[in-house]
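Going down the list, the protein sequences come from chains U and L. Going by numbering that gives the first Met the number 0, the first residue of the first sequence is number 0, and it counts up by one from there. Going by numbering that gives the first Met the number 0, the first residue of the second sequence is number 0, and it counts up by one from there.
Warning: the hint list may mix true and false statements.
[What the hints assert, rightly or not] Think about it this way: if two alpha-carbon atoms lie no more than 30 Å apart in a straight line, the pair counts; the simulated DSSO-like pairs of lysine-lysine are:
hint, chain 1, residue 1, chain 2, residue 2
1, U, Lys241, L, Lys56
2, U, Lys701, L, Lys56
3, U, Lys68, L, Lys93
4, U, Lys579, L, Lys107
5, U, Lys278, U, Lys620
6, U, Lys273, U, Lys241
7, L, Lys56, U, Lys85
8, U, Lys273, U, Lys286
9, U, Lys779, L, Lys56
10, U, Lys221, L, Lys107
11, L, Lys111, U, Lys70
12, U, Lys59, L, Lys56
13, U, Lys420, U, Lys408
14, U, Lys85, L, Lys107
15, U, Lys427, U, Lys440
16, L, Lys111, U, Lys85
17, U, Lys70, L, Lys107
18, U, Lys236, L, Lys56
19, U, Lys68, L, Lys111
20, U, Lys56, L, Lys111
21, U, Lys779, U, Lys236
22, L, Lys56, U, Lys221
23, U, Lys36, L, Lys111
24, U, Lys727, L, Lys56
25, L, Lys93, U, Lys783
26, U, Lys467, U, Lys94
27, U, Lys85, L, Lys93
28, L, Lys111, U, Lys783
29, U, Lys783, L, Lys37
30, L, Lys93, U, Lys59
31, U, Lys122, U, Lys104
32, L, Lys93, U, Lys36
[What the hints assert, rightly or not] Rough simulated footprint, nothing fancy, chain L against chain U, three-plus residues with beta-carbon under 8 Å:
hint, region
33, 51-65
34, 572-581
35, 680-686
Hints listed in this document are in silico derivations from the structure and should not be mistaken for laboratory results. Computed from a predicted structure; not experimentally measured. In this text, a Cβ means the ideal position worked out from N, Cα and C, and glycines have one as well.
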Amino acid sequence: MNISRRQFIKASAAAATAAAIGVSVPKRSYAEGDVDKWVKGACRFCGTGCGVYVGVKDGKVVSIKGNPKAKTNFGFLCVKGFLAYKVMNHPDRLKYPMIRQADGKFKRASWDEALDYVASKFKYFHEKYGKDAVAYYGSGQCLTEESYTFNKLWKGGFGSNMVEGNPRLCMASAVGGYITTFGSDEPVGSYADIEQANCIFLVGSNTSECHPIIFRRIMRRKLDNPGVKIIVCEPRKTNTAKIADLWLPVDPGTDLAVFHSMAREIIKNNWVDKAFIDKNTRVTDGKNTYSFEKYAEFVEQFDPESVEKLTRCPAENIRKAAEWFATSGASMTLWTMGLNQRTRGVWANNLIHNLHLITGNICKPGADSFSLTGQPNACGGVRETGTLCHLLPGTKPVTNDKWRAHVEKEWGIAPGTIDPKPGFHTMKMFDSLGGEDDPNKPIKAMLTSTTNPAQSLPNLNKYVKGMKDAFLVVIDIFPTRTTQLADVVLPAAFIYEKGGVFGCSERRSQLTEKCVEPPFEAKPDIWIAAQIAKRMGLEKLIPWNMDDSMKANEMAWTEYTRVTKDTDHTLYGATYDRLKREPAGIQWPCPSVDHPGTYKRYVRGMDPMFDHKGFLAKFGKQIPSDAKVYFYMDSKNEGKANIWLRPYKEAAEVPDAQYPFYLTTGRVIEQWHTGTMTMRIPEIARAHPNGYVEIHPADASKYNIVTGDMVLVESKRGKSVLPAVVTKTSMPGILFVPWHDQAFDRMINFVCNDAVDPGSKEPEFKIAAVRIQRVSGPVKIEDKVVITDINSAYS
Amino acid sequence: MKKGLIFSLIVVALVAISLVGCTMKAEKKVGQTAGIEKTESGHPGSMENLDCLQCHKDLTTEVTEQWEQSAHGFTGVKCQVCHGDEANFQAKPKNETCRGCHSDQFDKNIAKDLSCSTCHIAHNFTIHKVQQYR
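Okay, chain L solo, but in the shape it has when bound:
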């Protein structure tokens, strides 16, 4: 059962990697066309004085909804906790960020070259867990 789950995750990951490659190119193109500069830290445009969710509720609805139903969503671990501020934005949080709450797992991680989120999908991890419990 668990092996099957891991295999499925790997397949999903591989598909997503190829998607990321495509959409990254698209993002660059759109950005260039629009003339919108990324901030120094890499966030696409200024965050101004806005809470991340103020834009992302509308603009990345699917991600927001996944997050809302996740353990992070229930407990108020909002976008900026992991992804940082305008000054230190990280599209993919570093493992040191995850360490803040998951230090034991960080220390025991045998695949230190990989990002935690490679396997532990931070936005919808709970859904997967809930299904396990059921």
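Chain U with its partners taken away, still in its complex shape:
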């Protein structure tokens, strides 16, 4: 009897079913003592901030389990966090420092050799080209102590603001939105609002795949309370929409009109919260202040029928969404890259905030306008420590004379050391990076940590040469596309090999204890930063240069929380000792060791800043004693949030006759960013082992494409060739490609647009105009591609 593999599996399906649903009595499977100890920490991946316990046996991490007491995940983990430990003992780990030689090959070096070399090159560039010739490009995956240290070294030590990080590519528009609307970065409420919301509006977020544990909470809220309305606004009908009551399909970038239209319907039906508007808001276009009637007049142009023509979102859906949002009693919006990675990302954020302000859906339980952060420490590590070119610790601008002076005093450096002029934002920084022979490239050297710009920048073709020509130092745990362009590669310790603090989306900082020693000669970033400082005569500035990473971390953390003591972001009460003890971390503002942390900001009785004398004095704030809600960081000192008059504007690039499709990119649940870690975990590498392009059946049929065919996706900037997946997930005319694949031909960021938001400087990853062409039928392509050879070429 001949039987194919598929037939065989089908024949045994009943057995598999019964076995898999687990109804037979098993052999004893409980293995006591399978770990020596469990160490408390946080998950390495997205911005949810899941609490974990790391299982250690014989000096190796062998398991991870969720922390049931964590207020973020209540013990649940997604596949990435659950299996993260598997990357730690992977044979591809970078083991030794390496320096590229004249023949183009890397040669192993001692730490002294490598650090001396890096320091001498940095000194040389500083002397020859000035303080801004050497840049730092960090990550929302570095620990808070590490980002703080690099930021201090550059801004306080070198006097240079050439400091950026990949949160510019994901969260800058959310920062811009929060600051322009409420006066201060980061959300008002917390994840705990999910369990109290009656309407949850998910927009520009495939929450189920990108923040699966947050999605679990939303799903549970819906399952427990079927009356809770879930609205999803996305160009794609993703897995997130499975639990939705209403889908608002939109062409990429057009949702600004949908938000305005919802506001129009809310006003027309008198679903507004007049008392909240009068007391707590003002209408503005950034120059002048207007009456609410002016706002009503402004949004009048966005009637649902006209907006349907513009966006493809059915008018009826807009009306329904407006009604549910405004009348539920407590509505919460959650979003991420779909709003942020846009040339009008700040505006998109503002318009969501508008909906909350006009309906009073803010500053009360279950009602919040909540930006989900992409990375585990973009909030805590980069936004809060100010490790961006225009900021200082406390998320305060470098242009603020008073705050600069404060930081200089705290850092013990001479007044005037910190440059009052912001450095270059990420895209400008990479555009300015190049070799000594290129007079148009003022930045000659760069140190990157925990990020992979040679795969993750948009419009890569424009930036690769600069990275290759400049003196590039890369700190990472695996060979990547970026190490292929590097001059020096420094092997890093993984989070569980060094410990430190991550601050997640909901203003919560959690400490991970060091669990095991780093492998081979890998070192914590904080040690590397301190050793470079030492070699550049800045040992006094960065004194935490000891081998004990937890000691160094504690010194950096203690200083950081002292510098930001009286800010609205204060974590002064979150001492290292306390963070070690707290099972769930602490949410700022937390001004003192006896303060429990803050669930909701700007509400008297919940937010400690109302009575924080140091803060009120330092920032000249006076909060009226009868104010229950007060947006105290309002730059006009009126305690009001801004309802923005933002005109409609389309994406930087929209489809035309030559490039007739929208391209949008994103993630899948198993793969993290550029796949350098997740593609090395066998169980999850097999899920989405390569990039692909999703095409609607109507479009596929026009181009004679079936699933598996190879398809060329091409923009004005670059091209990719990917296997097709024909699916109705996206609307016709919209293509989707996940961006984790390291295979050169499938690196979709060559195609993406690097046009930036004029306010946040965040690039428009999410929208590009492209054309497609069927290249061939199915071909065998290389799966699970990772860069393993440190000497391999960028090709």
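Take the given structure of chain U and dock chain L to it, following the hints.
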């Protein structure tokens, strides 16, 4: 109400145990006849470079559909998360696997000799819960 539910589950479990016994024999026979070797870890045949669902959507449709409507399905806890890879395949996940997300329940489990999935049917648990809520 709850007692009735537990009794029903036990009955279902007992019926399923006998079914498993029968079908396990059938599986072995088919495997032998076809000459398809199980992998070292016990998965019937090589997984190649495929996501489990690529085959199992068609081949174990009923299980896949149950999973899709379960809490695990909604939140992307896919086959390989619990059942492992080709190298560490487990038809019945160990309790240590469940511990990853359900550590409190793992610690409090008084029937440590039993598999979690004996009572908590991982593929369709939510359906049962939803009915409770209704």
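### Hints breached by this structure
Hint check: 6, 12, 28, 34 fail, others pass.
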